[in-house]
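Visitor: Below are the chains, spelled out letter by letter.
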Amino acid sequence: MECFWTWCCDVLRNPTWFYLLTTVAKLVLVFAVILAFVVLSVWIERRVAGWIQDRPGPNRAGLPLFLLKPFGSKKAQPLSGLLHFFGCPPDGCIARLCRWLRLDREIPTFGLMQPCLDGGKLFLKQEITPSYVRKFYFILAPMLVLGPPLVAAAVVPFASEVSTPFGNISMCVANLNIGLLWVFAVSGLSVYGLTLAGWSSNSKYPFLGGLRATAQLISYEVAMGLSVIPLLMVFGTLNLQDIVHTQATDGWTLLPFWGQGLTLQRWVLWIPMALSFLMFATCIFAEANRTPFDMAECETDLVGGYHTEYSSMKFASFFMGEYAAMVIGSAMVVTLFLGGWSIGFGADEALAAWNEWVAVLCQFVMFLLKLLAFIFFFVWVRWTLPRFRWDQVMKLCWLVFVELAVFNIILTAAILYFVK
Amino acid sequence: MNPAVQAILFYVFAFGALLSALGVVALRNPVSCALSLASCLAFVAAVFFGAGATFLGIAQLIIYAGAILVLILFIVMMLNVKDEHPAAGNWLYCVLGVLAAGVLAGTLSSAALRLPGSTGGRCPVHVLLEHADDLCPVQGSAQAQQPQTTAPTEYGGMLPPISMRDGESDVSLLGKNLFTHYNLSIVVLSFALLAGAVGAVAVGRKLRRD
Numbered sequence: 000m001e002c003f004w005t006w007c008c009d010v011l012r013n014p015t016w017f018y019l020l021t022t023v024a025k026l027v028l029v030f031a032v033i034l035a036f037v038v039l040s041v042w043i044e045r046r047v048a049g050w051i052q053d054r055p056g057p058n059r060a061g062l063p064l065f066l067l068k069p070f071g072s073k074k075a076q077p078l079s080g081l082l083h084f085f086g087c088p089p090d091g092c093i094a095r096l097c098r099w100l101r102l103d104r105e106i107p108t109f110g111l112m113q114p115c116l117d118g119g120k121l122f123l124k125q126e127i128t129p130s131y132v133r134k135f136y137f138i139l140a141p142m143l144v145l146g147p148p149l150v151a152a153a154v155v156p157f158a159s160e161v162s163t164p165f166g167n168i169s170m171c172v173a174n175l176n177i178g179l180l181w182v183f184a185v186s187g188l189s190v191y192g193l194t195l196a197g198w199s200s201n202s203k204y205p206f207l208g209g210l211r212a213t214a215q216l217i218s219y220e221v222a223m224g225l226s227v228i229p230l231l232m233v234f235g236t237l238n239l240q241d242i243v244h245t246q247a248t249d250g251w252t253l254l255p256f257w258g259q260g261l262t263l264q265r266w267v268l269w270i271p272m273a274l275s276f277l278m279f280a281t282c283i284f285a286e287a288n289r290t291p292f293d294m295a296e297c298e299t300d301l302v303g304g305y306h307t308e309y310s311s312m313k314f315a316s317f318f319m320g321e322y323a324a325m326v327i328g329s330a331m332v333v334t335l336f337l338g339g340w341s342i343g344f345g346a347d348e349a350l351a352a353w354n355e356w357v358a359v360l361c362q363f364v365m366f367l368l369k370l371l372a373f374i375f376f377f378v379w380v381r382w383t384l385p386r387f388r389w390d391q392v393m394k395l396c397w398l399v400f401v402e403l404a405v406f407n408i409i410l411t412a413a414i415l416y417f418v419k
Numbered sequence: 000m001n002p003a004v005q006a007i008l009f010y011v012f013a014f015g016a017l018l019s020a021l022g023v024v025a026l027r028n029p030v031s032c033a034l035s036l037a038s039c040l041a042f043v044a045a046v047f048f049g050a051g052a053t054f055l056g057i058a059q060l061i062i063y064a065g066a067i068l069v070l071i072l073f074i075v076m077m078l079n080v081k082d083e084h085p086a087a088g089n090w091l092y093c094v095l096g097v098l099a100a101g102v103l104a105g106t107l108s109s110a111a112l113r114l115p116g117s118t119g120g121r122c123p124v125h126v127l128l129e130h131a132d133d134l135c136p137v138q139g140s141a142q143a144q145q146p147q148t149t150a151p152t153e154y155g156g157m158l159p160p161i162s163m164r165d166g167e168s169d170v171s172l173l174g175k176n177l178f179t180h181y182n183l184s185i186v187v188l189s190f191a192l193l194a195g196a197v198g199a200v201a202v203g204r205k206l207r208r209d
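Top to bottom, those sequences are chains A and B.
For the first sequence, numbering that gives the first Met the number 0 gives the first residue as 0, with consecutive numbering after it.
For the second sequence, numbering that gives the first Met the number 0 gives the first residue as 0, with consecutive numbering after it.
Incorrect hints may have been included.
Ranges between beta-carbon positions, derived for each pair [unchecked claim]:
id: 1; chain 1: B; residue 1: 70; chain 2: A; residue 2: 52; range: 37 to 43 Å
id: 2; chain 1: B; residue 1: 172; chain 2: A; residue 2: 415; range: 17 to 23 Å
id: 3; chain 1: A; residue 1: 372; chain 2: B; residue 2: 70; range: 53 to 59 Å
id: 4; chain 1: A; residue 1: 10; chain 2: B; residue 2: 172; range: 34 to 40 Å
Chain A is faced by these chain B residues, among others (derived, beta-carbon under 8 Å) [unchecked claim]:
id: 5; residue: 30
id: 6; residue: 53
id: 7; residue: 54
id: 8; residue: 57
id: 9; residue: 60
id: 10; residue: 64
id: 11; residue: 65
id: 12; residue: 66
id: 13; residue: 72
id: 14; residue: 73
id: 15; residue: 76
id: 16; residue: 170
Derived by calculation from the structure, the hints in this document are not laboratory data.
All C-beta atoms in this analysis are idealised placements derived from N, C-alpha and C, irrespective of residue type, glycine included.
Isolated chain B, as found in the complex (with noise of 0.2 Å):
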């Protein structure tokens, strides 16, 4: 795709995602909020597969706005919560609220900041797009040979390169990887989820009296 019009449509999407995700914490109706985080996450995965990482937006799809979302939005109708009205000024909230957000600003802004390029002045997803070779451990087959140079060593160390074939796409990319690099953890993980499971339906399940 023309990089013009992916920067114009990661930027619509973008403003969408925020607007939504604005929606979420401004709006007074508890369902209203739900909705917004929903139409967030559809942004989100929009973002996604401008970014070409079509899988994670199809999964942002059904796993987050396709059915944990009307999970909640299930459980809100039920309790049938009235308007929220804001609570009267508890300033311990406030400070806290306020330190809280302060961190999350710094980070996002200390993270935006460093972006390659990003002090020039120029559109920091136009310089994005340009060193997406560099930054993307998944490699061309023209690239997969060369030794990478610029190990990202504050996340770890470097990635195993990946290489990837012309005409593959990036599920059967990410099967191969989770089933071969990252089989042991999968499998550590998704036991995890089976003991959470279980221990759902035990906390969850009524106790017969007699």
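Extracted from the complex, chain A is given alone in its bound form (with noise of 0.2 Å):
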């Protein structure tokens, strides 16, 4: 054992095993997230849609006790032990509201297990691939479109540092110079996904819906591009993880409440910051194809967009890259507007002083539950505004955003400049 603990301390203090043990490791945890985000982003989609559309939505698949069946019969079953345990009467008050959870048949996961239900569902499903495809780019397209949001979240920040005996750990896995550009590089790339699935299929629809998709991504990049230039201005870096230092010195971008963040400048700045805020968002939602933007599936008048042809695991997979760029796109906003992993208020800085560790966990607990609050403000939009025309969404990027775009960033630079 002792030896066995010098031997790892020994492959530690290599600072090229450090580096890559620690990769693979933040590598490996960013992975789950996302993967576990994207089914928790599905479960958020239909509950919220339920409550918004005033139904109950997916709530019934819960673990069924009949799994306990070989522990007891259904009168030992947990529900009524337990009240007897605690002296409740069968019929009462408890014991009917428990009832009415459900809590007799199965335990509750509030409809958690769907999502996994689903994804059992689609595994299991006859693979189709129709006979006129061009089969190499039908199978390679569901591909495209899954592999590149998983690429960008390389970048993302989702805790501070922390020093070890050897060596300091920052907690993103690239900590590039160019984060953020590489997000725009390669989440750019899964445009060929899209237009490939439907040329590939061989069928108007499916060929009209990728043509869609390859002008609104296009189209929506640029004003993208162009709306974060004066937040880039203001920190002066495109490195994400500076980027969250800074707010959680100074104030985040759209709260700036501490430190630098109270000065006069900072507040003239507010109203560029929120122009870009909303200029940014809209681009997310129209570069992660959701309703309102979501041209390019738009079943009323193109069946199922470029996804018609597609069955089984591949259609899944075209969904699962759907959600998992929502989530990277909620994960950029969160890091560019709402500061990132930062607690805020300085709770920063004295958490790390007292423990690192529980620092960094408090922070990526942080930035979790900023994500589900954006995600969730996706799908709310998305149950609430209806799907827009063609043209309005090809005006609106080239004839509003991008005028909108440019004049921010001359706004931005009159504000840095007089006000100081």
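From the two separate chains plus the hints, produce the assembled complex.
Guide: Below you can see the structure in the form of structure tokens.
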């Protein structure tokens, strides 16, 4: 045991091995978080949809108690045993409440089992590859949709640094100096997947869906890139970890309530920042192909859009790609505008001074909470706004957003120069 | 990074770039050609990353692979071009093609032969990495004071030395240079591009008949 421990220390003391091991650990964590969030956001989507449309939504898929049958008959099942243990009458108020919550039939998961069961269903469905498709590209397209969001996640910081006896660990997989551009570059590549899916299906509606997706994604990439320039002018760096550090000490971009954030300049800068936030969030909606911008898979005029001909897991990977893009988009909005992992009000530094690991853990939880909140916002918008018309989408991008973004850049420059 | 790892990665990515460049010429289906061009550009971007020019690599990915090639793909798909068949042998085209290829090959091989150290039978990339400090106009803070001895006169004289502070990214370096040394050229160039864009709109605009 002693020998093994010293061997571990020796391995970790080698900087290359230390770097490799910590990177792999962070990679696995980020990957797991994204895939878990894909499942979670499907659940949030359906529950919030149910809530908004005044219906229950999927709340019935729990862990059924008949799985516990080997442990006893229905009489001796957990609920009645538990009621008896606490001395509650079997038809009293508490018992009826428990029955209403279906506690006598299943372990409640509030429908969280539904996405897992959906995944299982899609996995077991028959895989149909139509005879007329261009096979190589037909198989390549879902991979190209699912891959880029997972790669883009590499630069998103999910906590600050910790120092260990072997070296410092920065809590993001790759702390690149051009982190923001990396996200743009890689998520821009996912347009290939949609285009090729539409083309390789060799059928009219998917093709139209692919064309729409291409035009929309390319246009909104331009607006998205222009809309964050004011932010970069304020922060002066492209490194996402540095951006979040600045926000942790000097106030989040949209909530500058502490540190340097209380100066006049920052409060005047709030106007272009809010404009930037509105544009960036809208562009993220368009980039993730979500309602009100889901022109590419608009059922009323395109059957199913680019994924009409897909079935089983290939279809599922399109959806996983869409939700992963939504998660990464939310992570970008949270990182740039809502302070990323920072807890706020100077709590980060105080916690880090007390115990770095606790600070990192709290920051990670904070980041996930913010992410969940923004995903909720995504879903809320989807079930509230109707779908735009195609020409409206294009007009919004080229005639409103691009001009507004350029104006916003000039406004920010003027504020930075004149207001001290 | 370890120079050996760097050299190996360079050869892997360069081989990928060459292979996909070959695909652009050899594949029959125009969509496959466009996609091989995209993968070629991505490999070249990876080579840029390996050489430390991160911004150049990212720009390559965003602009060429992410936007321009998608537009090319879009157009190729819209036109619904059928598989291309090799044209019946027109000898003039053959002669011209061989001539152009020969000139290009000669230029490339002469450049490769002039690489420092390539005659000694050593890996040219390795030698280039050793001499990188002499060749690069961007100097570390320690070297910024020393005058550059070997000015590449055949490329229009010595470039102004640029001092790079520690921890500064190449993005800010590039920005500073573009807006100080090359400011005038950038403004002129952007006006030329603007004129081009306006011209394209004017040419592509539908004229009303009424």
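Visitor: For every hint, state whether the structure bears it out.
Guide: Here's how the hints hold up against the structure:
no.: 1; hint: B:70 <-> A:52: 37 to 43 Å; verdict: holds, 40 Å
no.: 2; hint: B:172 <-> A:415: 17 to 23 Å; verdict: holds, 21 Å
no.: 3; hint: A:372 <-> B:70: 53 to 59 Å; verdict: violated, 37 Å
no.: 4; hint: A:10 <-> B:172: 34 to 40 Å; verdict: holds, 37 Å
no.: 5; hint: 30; verdict: holds, 7 Å
no.: 6; hint: 53; verdict: holds, 5 Å
no.: 7; hint: 54; verdict: holds, 6 Å
no.: 8; hint: 57; verdict: holds, 5 Å
no.: 9; hint: 60; verdict: holds, 4 Å
no.: 10; hint: 64; verdict: holds, 7 Å
no.: 11; hint: 65; verdict: holds, 3 Å
no.: 12; hint: 66; verdict: holds, 6 Å
no.: 13; hint: 72; verdict: holds, 6 Å
no.: 14; hint: 73; verdict: holds, 5 Å
no.: 15; hint: 76; verdict: holds, 5 Å
no.: 16; hint: 170; verdict: holds, 6 Å
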